[in-house]
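Given the coordinates of chain A, assemble chain B onto it according to the supplied hints.
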Amino acid sequence: MLKLRKFSGLGLLAVLALAGCRQDMHDQPRFKPLAKSDFYADLRSERPQAEGTVARGQYHEDTYFYSGKIGSDPGDYMPFPVTEDVLARGQQRFNIYCAPCHSRVGDGNGMIVQRGYRHPPSYHIDRLRKAPIGYFFDVMTNGFGAMPDYSAQVPPRDRWCIAAYIRALQLSQNATSADVPQGQKIPSDNLVFRGEPGSGATPPEMAPAEQASEKGEGTK
Amino acid sequence: MQIFHRSSNAIARASILAVALIAGLALYVILELDRSPYVTYEKVARPQPVPFSHQHHVAGLGIDCRYCHTSVENSNFAGIPPTKTCMNCHSQIWTNAALLEPVRDSFRTGHSLVWTRVNDLPDYVYFNHSIHINKGVGCNTCHGPVDRMPLMYNNASLRMEWCLDCHRAPDKYLRPRDQVFNMRYQQPSNDQPLSLDGQEFTDQRTLGKYLIQKHNLRTVADITSCSTCHR
Numbered sequence: 005m006l007k008l009r010k011f012s013g014l015g016l017l018a019v020l021a022l023a024g025c026r027q028d029m030h031d032q033p034r035f036k037p038l039a040k041s042d043f044y045a046d047l048r049s050e051r052p053q054a055e056g057t058v059a060r061g062q063y064h065e066d067t068y069f070y071s072g073k074i075g076s077d078p079g080d081y082m083p084f085p086v087t088e089d090v091l092a093r094g095q096q097r098f099n100i101y102c103a104p105c106h107s108r109v110g111d112g113n114g115m116i117v118q119r120g121y122r123h124p125p126s127y128h129i130d131r132l133r134k135a136p137i138g139y140f141f142d143v144m145t146n147g148f149g150a151m152p153d154y155s156a157q158v159p160p161r162d163r164w165c166i167a168a169y170i171r172a173l174q175l176s177q178n179a180t181s182a183d184v185p186q187g188q189k190i191p192s193d194n195l196v197f198r199g200e201p202g203s204g205a206t207p208p209e210m211a212p213a214e215q216a217s218e219k220g221e222g223t224k
Numbered sequence: 107m108q109i110f111h112r113s114s115n116a117i118a119r120a121s122i123l124a125v126a127l128i129a130g131l132a133l134y135v136i137l138e139l140d141r142s143p144y145v146t147y148e149k150v151a152r153p154q155p156v157p158f159s160h161q162h163h164v165a166g167l168g169i170d171c172r173y174c175h176t177s178v179e180n181s182n183f184a185g186i187p188p189t190k191t192c193m194n195c196h197s198q199i200w201t202n203a204a205l206l207e208p209v210r211d212s213f214r215t216g217h218s219l220v221w222t223r224v225n226d227l228p229d230y231v232y233f234n235h236s237i238h239i240n241k242g243v244g245c246n247t248c249h250g251p252v253d254r255m256p257l258m259y260n261n262a263s264l265r266m267e268w269c270l271d272c273h274r275a276p277d278k279y280l281r282p283r284d285q286v287f288n289m290r291y292q293q294p295s296n297d298q299p300l301s302l303d304g305q306e307f308t309d310q311r312t313l314g315k316y317l318i319q320k321h322n323l324r325t326v327a328d329i330t331s332c333s334t335c336h337r
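Chains as they are written, first to last, in the working numbering: chain A, 5 to 224; chain B, 107 to 337.
Keep in mind that the hints were calculated from the coordinates and are not lab data. Some hints could be false.
Away from chain B, derived, C-beta distances all over 10 Å, residues of chain A [as the list claims (entries may be wrong)]:
{"no.": "1", "residue": "A54"}
{"no.": "2", "residue": "G56"}
{"no.": "3", "residue": "K73"}
{"no.": "4", "residue": "G75"}
{"no.": "5", "residue": "G79"}
{"no.": "6", "residue": "M82"}
Derived Cβ-Cβ restraints for the label pairs, each shown as a range [unchecked claim]:
{"no.": "7", "chain 1": "B", "residue 1": "N202", "chain 2": "A", "residue 2": "D42", "range": "33 to 39 Å"}
{"no.": "8", "chain 1": "A", "residue 1": "D31", "chain 2": "B", "residue 2": "D211", "range": "25 to 31 Å"}
{"no.": "9", "chain 1": "A", "residue 1": "S76", "chain 2": "B", "residue 2": "G304", "range": "47 to 53 Å"}
{"no.": "10", "chain 1": "A", "residue 1": "S41", "chain 2": "B", "residue 2": "I136", "range": "32 to 38 Å"}
Once the Cα atoms are required to be at most 35 Å apart in a straight line, the calculated DSBU-like pairs of lysine-lysine come out as [said to hold, decoys possible]:
{"no.": "11", "chain 1": "B", "residue 1": "K241", "chain 2": "B", "residue 2": "K320"}
{"no.": "12", "chain 1": "A", "residue 1": "K40", "chain 2": "B", "residue 2": "K190"}
{"no.": "13", "chain 1": "B", "residue 1": "K149", "chain 2": "B", "residue 2": "K315"}
{"no.": "14", "chain 1": "B", "residue 1": "K278", "chain 2": "B", "residue 2": "K320"}
{"no.": "15", "chain 1": "B", "residue 1": "K190", "chain 2": "B", "residue 2": "K320"}
{"no.": "16", "chain 1": "B", "residue 1": "K241", "chain 2": "B", "residue 2": "K315"}
{"no.": "17", "chain 1": "A", "residue 1": "K40", "chain 2": "B", "residue 2": "K315"}
{"no.": "18", "chain 1": "B", "residue 1": "K241", "chain 2": "A", "residue 2": "K40"}
{"no.": "19", "chain 1": "B", "residue 1": "K278", "chain 2": "B", "residue 2": "K315"}
{"no.": "20", "chain 1": "A", "residue 1": "K73", "chain 2": "B", "residue 2": "K190"}
{"no.": "21", "chain 1": "B", "residue 1": "K278", "chain 2": "A", "residue 2": "K36"}
{"no.": "22", "chain 1": "B", "residue 1": "K149", "chain 2": "B", "residue 2": "K278"}
{"no.": "23", "chain 1": "B", "residue 1": "K241", "chain 2": "A", "residue 2": "K134"}
{"no.": "24", "chain 1": "B", "residue 1": "K320", "chain 2": "A", "residue 2": "K40"}
{"no.": "25", "chain 1": "A", "residue 1": "K73", "chain 2": "A", "residue 2": "K134"}
{"no.": "26", "chain 1": "B", "residue 1": "K149", "chain 2": "B", "residue 2": "K320"}
{"no.": "27", "chain 1": "B", "residue 1": "K241", "chain 2": "A", "residue 2": "K36"}
{"no.": "28", "chain 1": "B", "residue 1": "K241", "chain 2": "B", "residue 2": "K190"}
{"no.": "29", "chain 1": "A", "residue 1": "K36", "chain 2": "B", "residue 2": "K149"}
{"no.": "30", "chain 1": "A", "residue 1": "K134", "chain 2": "B", "residue 2": "K190"}
{"no.": "31", "chain 1": "B", "residue 1": "K278", "chain 2": "B", "residue 2": "K241"}
{"no.": "32", "chain 1": "B", "residue 1": "K149", "chain 2": "B", "residue 2": "K190"}
If you're wondering where the values come from, they're calculated on a predicted model, not measured in any experiment. For each residue, glycine too, the CB sits at the ideal point set by N, CA and C.
The shape of chain A in the complex, shown without the other chains (with noise of 0.2 Å):
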């Protein structure tokens, strides 16, 4: 009995000294992604794809969708049907790669803009508006003057998402009276901000005017 006790006590001295100190559990010896290698010469842990090996999911057969062209020359159709969450999706998509630069509304002012990149194109003018929709997915692609290629960052799909949304974005900037459903007021009430405005990685919530003055809010 007084020899179990011995032990139980040198046994919570090893749990203390051990809890004290980082174990070799913590860092135990395999890859992990991106992380450091002393293996290979170029110390990467991620190995490049073997040359002249396809794999899973890296044959294209159909052309338009991973391309934007029929031949050479960009194409003019959706190569999937346009719905509300396709352009949804490439809503969201298009605000966090392409307003940087394009801005929300695609007139070329954005933040890296601003800040001193090369000025796009607005999306508004006449040759873009009558640019086919594969023009846009290729840009997209393989870049285009001062624009760096964003295939690495969007998936196709996601590419032609927000060629789609770019399409919305164009429609939204020339629509007339007539393109307002009946009933709807023009111009709509102002927004404003609902508590703190966000920290510009994410659009504010907003709400109309009128809504938010109901609940106490106002217009401060």
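Chain B only, in chain A's frame:
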């Protein structure tokens, strides 16, 4: 013959108590030390090859988290951007800045920038970013006010008790999916109700319970089971 004075009895008794006290104190100190930033690096900025400021890029320029961390929504790893992502802008902006020389050098030579990992979970923990994002856990719920971090630090201890705080009661933190990347999100209150799916929420617990249903969260018993994270 009496060698020890009578008062020795009291000292002997007191020393028994003292041993217990000292042992208790030592235990307390060790446990607190293990929880302290000295061990967890909580809120301690780490040196990096380039003093990258999340504050400048997120709050100053309004760049979304996903512009760089592209795989956060559909992979267990949020993704560290390749040097090319930096050069998307810095091929034209701050092209002469000495601070950015390591970035340009990396782009020219193809050698990776060696960043110091800040939010580093122990290797015996399985963690997946995408499931947290898609169930409505905001970026800053775990990562803290990244938009106010000139240098990156881990906002929490990353200890298991910290993980379990949320896994035991996810309704304390869940938010609507479209608010996950909002760095200034505020939980609903009476002053600032949140409307979602035609309902008005004025407190976090009600919203959280609703989102548990809406986002199909597994039960607390499931997500606090050992093998959920220790696989």
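Look at the Cβ atoms of N202(B) and D42(A) and judge whether their distance stays inside 33 to 39 Å.
-> holds (34 Å)
Does the alpha-carbon distance linking K241(B) and K190(B) stay inside the 35 Å limit?
-> OK: K241(B) and K190(B) at ~31 Å, within 35 Å.
Given hint K190(B) paired with K134(A) - CA-CA distance at most 35 Å | Distance of about 31 Å is within 35 Å: holds.
Do the Cβ positions of S76(A) and G304(B) conform to the proposed distance bound of 47 to 53 Å?
-> holds (50 Å)
Is the nearest Cβ of chain B still more than 10 Å from the Cβ of K73(A)?
-> holds (23 Å)
Evaluate the condition: distance from the CB of M82(A) to the nearest CB of chain B exceeds 10 Å.
-> holds (23 Å)
Pair hint K241(B) and K320(B), alpha-carbon separation not exceeding 35 Å = Cα-Cα ~9 Å, so holds.
Would you check the hint for K278(B) and K36(A), treating anything up to 35 Å between C-alpha atoms as holding?
-> Holds - the C-alpha atoms of K36(A) and K278(B) are around 31 Å apart, at most 35 Å.
Restraint status (C-alpha distance of K73(A) to K190(B) at most 35 Å) = holds (25 Å)
So does S41(A) sit 32 to 38 Å from I136(B), Cβ to Cβ?
-> holds (35 Å)
For the pair supplied as a hint, K190(B) and K320(B), confirm whether the alpha-carbon distance does not exceed 35 Å.
-> Violated, because 38 Å separates the two Cα atoms, which is more than 35 Å.
Given pair status - K36(A), K241(B), alpha carbons within 35 Å = holds (24 Å)
Taken one by one, the earlier hints fail for this structure at numbers 15, 17, 23 and 24, listed in ascending order.
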